[in-house]
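The residues making up each chain are set out below.
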Amino acid sequence: MAKGVLLRAISVILLALLVIPITGLMGCSGDDTSADRIVIGFEGDLTGPAARAVIDVYNGLSDYLKMAEDEAIFQDIEVSLVHYDTKTEYGRVPAGYEWLKTRGARVMAVVASMDREVLAGRYEDDQIPAVGTQGSEVLQGNDWNFSLFTAPEAQGEAILQWIMTNWDYEQEARKPRVGHAGMTGILTSVAYQRGIDRFLDTNGDKFEWKGHKLAPVSSATWVTEINSLRDCDYIVCSMVGPGTALFTKEVREREYAGNLVSGMEAFPGYWELVKGAVPPSSLYGCFYAHYQPWWNDDNSFIADAREAVTRYRSQEDAEAQMRGTGYLAGWAWGVWLSNAITRAVENVGADQVDAIAIRDALASTDIDVEGWGNTWKITETNSICARTQRVYEWNVDDEDWVACSDWILPPSAVVV
Amino acid sequence: MLPSGTFNTRPEQDMAIVRTKTQWLLLLLGLAFFFTLGLYMPGDWLVWLIILGMYVVAVLGLHIMTGLCGQFSMGQAAFMAVGAYTTAVLCTNYGLSPWLTLPISGIFAGLVGLVFGTPALRIKGFYLVMSTIAAQFIVVWLIRESPGIGLDTGGVYGISVPKITVAGEGLDYVQFWWLVLAVVVVMTYFAKNIQRTSTGRSFVAVRDNDLAAEVMGVNLFRTKLLAFFIGCFFAGIAGWLWAHFYGWITPAQFDFRLSLWFLGMIIIGGMGSTTGAIMGAVTIRLMDKMVDPLADAISSAFPNLSVQVAPALSLIVFALVVIFFILVEPKGLYHRWERIKLYYRLHPFAY
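Chains as they are written, first to last, in the numbering used here: chain A, 6 to 421; chain B, 47 to 397.
Chain A with its partners taken away, still in its complex shape (with noise of 0.2 Å):
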């Protein structure tokens, strides 16, 4: 009875809190456009398996976006943003995209790549502009499409580039010797080869190539791959996830002791993994490329970035957000989508912002932000606003990451 009972009210609860929903459903709940509000749809896994980074990179727009509401940044219209969690879920992609139509979105933030390829036939259809972090080669050139960073193929590019500028050619009286780790099957990998691939078709004598030795995702160890790279100079790194971590340590283990060089996606994104598994000791020779400043910087950039991190997150939260690179990309983000809505709205006046406005912005894009390398400029052969990288070193004694080479513009970058 008293199980009966127990199973009857657990039903009415679960019942009740799918039923709430359903106002949704029959649009009770209404949606947020209005002419003088704009909503930035943000699509993005902030559950999923990609959450820990995606959700960094949210926290940065968001508080972006608090801080231009708290220092009146946009006059006469209000900016708010709205999220879908795709949970790297293709079946939510286009169903997400068009909830977040359903709220007024305007723009639209989407933080993977592939899932802007998947929609780009329907921006382009709809009239309504994305912006992304990751670019993609797929991408360039379509009119709807805007990138914060080059595709990775271009982080391939500029490790290579940074290694032959920074190698004694003389001194050491040979090439240095370099080869590729990653993982099969991942885009990030099989990027950053096609990206080393294309360097060395016109860079091939500079180095003694050993090689790209891709392991299964799965796989638990590393031991071939490590094996056939094991005299090289430098290990480029493309791997993602626990793998980053798995593999550096493994790597050190078998008393490896030349550079780890990777881009974005590897050491900035899982380096508390890395530091979890691997003796600080050991976390000497780690690089890591990528196009944006790094929290210790002198610039207005950081510094503002540093205050909206510490005004509007706990402690604990905001020194988490500090160790990552997601919330500068959020943040960066912010910039550039404030600067486009600003000036939509001196274009046409706040009450007639629409998706196309906003898009003109965005095509019109010419910023000079302190700190990166580049002026965000983009134009009608380029959607891209940071194009150029640096490469940041893992300080042992200081445990954080330090700039040791100037801004680097890989091939595949260069606007023509």
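Since the hints were made in silico from the structure, they are not lab data. Using N, Cα and C, we set each Cβ at its ideal position, and we do this for glycine too. All clues stand as given, with none of them false.
From the derived model, a few chain A residues whose C-beta atoms are all more than 12 Å from chain B:
| no. | residue |
| --- | --- |
| 1 | Phe79 |
| 2 | Glu277 |
| 3 | Asp356 |
Negatives, chain A to chain B, calculated, CB over 10 Å:
| no. | residue |
| --- | --- |
| 4 | Arg57 |
| 5 | Ser224 |
| 6 | Gly246 |
| 7 | Ser287 |
| 8 | Asp403 |
| 9 | Val419 |
With the C-beta cut set under 7 Å, the calculated list includes, among others, these residues of chain B facing chain A:
| no. | residue |
| --- | --- |
| 10 | Val93 |
| 11 | Trp94 |
| 12 | Val202 |
| 13 | Gly293 |
| 14 | Gln299 |
On the provided structure of chain A, position chain B as indicated by the hints.
Same frame as chain A, now just chain B:
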């Protein structure tokens, strides 16, 4: 059990799927309802409905393979990928019309299913599950690495798929929904009907006891392979719809999680029933959809907690509902529905 006052007087009546005038009326009203649904549904719900339709087709295939014939498969998403990539490659690289690739996608997925279904003659149960999991990974790996062997599938980057056109015009969401609805109706009719044929009965005989079925004269090899072919044919058709709706497909879209969801759908709906398979697909997708506005409402109420709490809560609600169904109605929703119907027809008597 038939409704009170309904008697079958001829064999055709006994065989009919739709038996009474009321059932015909309800069927026609239902079809009219679903047909017009696309006209007034909000965009996100329409997209949800289209994707649900694709899932229903794939799950119906799994229902024939697993629910009817007892051949557990955890590679349905991979066979869907075969259908999707068949149409993508043929349309994009060879310029074939999407309409022409519809049957080709289904047949090719069915043939690939035959390859992975062959071990079913020797192995069953857990071992067959492992074999179909292998199919999932092998197929996706082959698609990913195929540029290396000269087949342009775009590898991990993916490949674009042209829109389906009618009289030179690409289908919009409403028209695509009508196409999906038509495919769902045809496939459901086929799935429902096959249960009543000698083939369907051999499937059930093999599922219940393959040794006894063989003693009775059922050709096990043929029957199991046919189940795999039909199940994978359905997946291929679902893949065709998926590819042309998305317009850009990558191997990551057909991951192992999707195969797990398909299996979960027939378990929740009730194994061995066409209606149950549809019920399972609708229930899981509906729950997935329903938690979004709930998460949104919580985000609006608690903006500072929105990202951390709301999506987590949505997952908790979703998981609770799934666990609830599994604990309380392990035979699936269809079984519960049958009991409700029986209760209604017998009321006020208990039996």
